[in-house]
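Visitor: Sequence:
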Amino acid sequence: MDRWRFRGQLVYSQYGLDPADSLNYGKDIYKSYETRVSDYGNHTVQGKRRTCIMETCR
Numbered sequence: 926m927d928r929w930r931f932r933g934q935l936v937y938s939q940y941g942l943d944p945a946d947s948l949n950y951g952k953d954i955y956k957s958y959e960t961r962v963s964d965y966g967n968h969t970v971q972g973k974r975r976t977c978i979m980e981t982c983r
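Letter 2 of the sequence shown, counting from 1, is numbered 927 in our numbering, and no numbers are missing.
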């Protein structure tokens, strides 16, 4: 009897990029903490929103 095995993986993520070199939303860990945009009202996926999708099938 033949057996078939299938394995799939899907990774979906969203993150925000800094819209300009002078703005710091936190994506670049090498930028100074002192150049952050604001102290309050921050949330995830600020700045230029980017979506990343990776999939694999075996």
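Quick caveat, the hints were computed from the structure, so don't treat them as lab data.
Using N, Cα and C, we set each Cβ at its ideal position, and we do this for glycine too.
Be aware that a few hints might be false.
Unchecked claim - Ranges between beta-carbon positions, derived for each pair:
no. : residue 1 : residue 2 : range
1   : 938       : 963       : 16 to 26 Å
2   : 968       : 934       : 37 to 47 Å
3   : 929       : 951       : 38 to 48 Å
4   : 933       : 958       : 32 to 42 Å
5   : 973       : 936       : 33 to 43 Å
6   : 965       : 929       : 49 to 59 Å
Visitor: Of the hints stated earlier, which fail here?
Guide: 2 and 5
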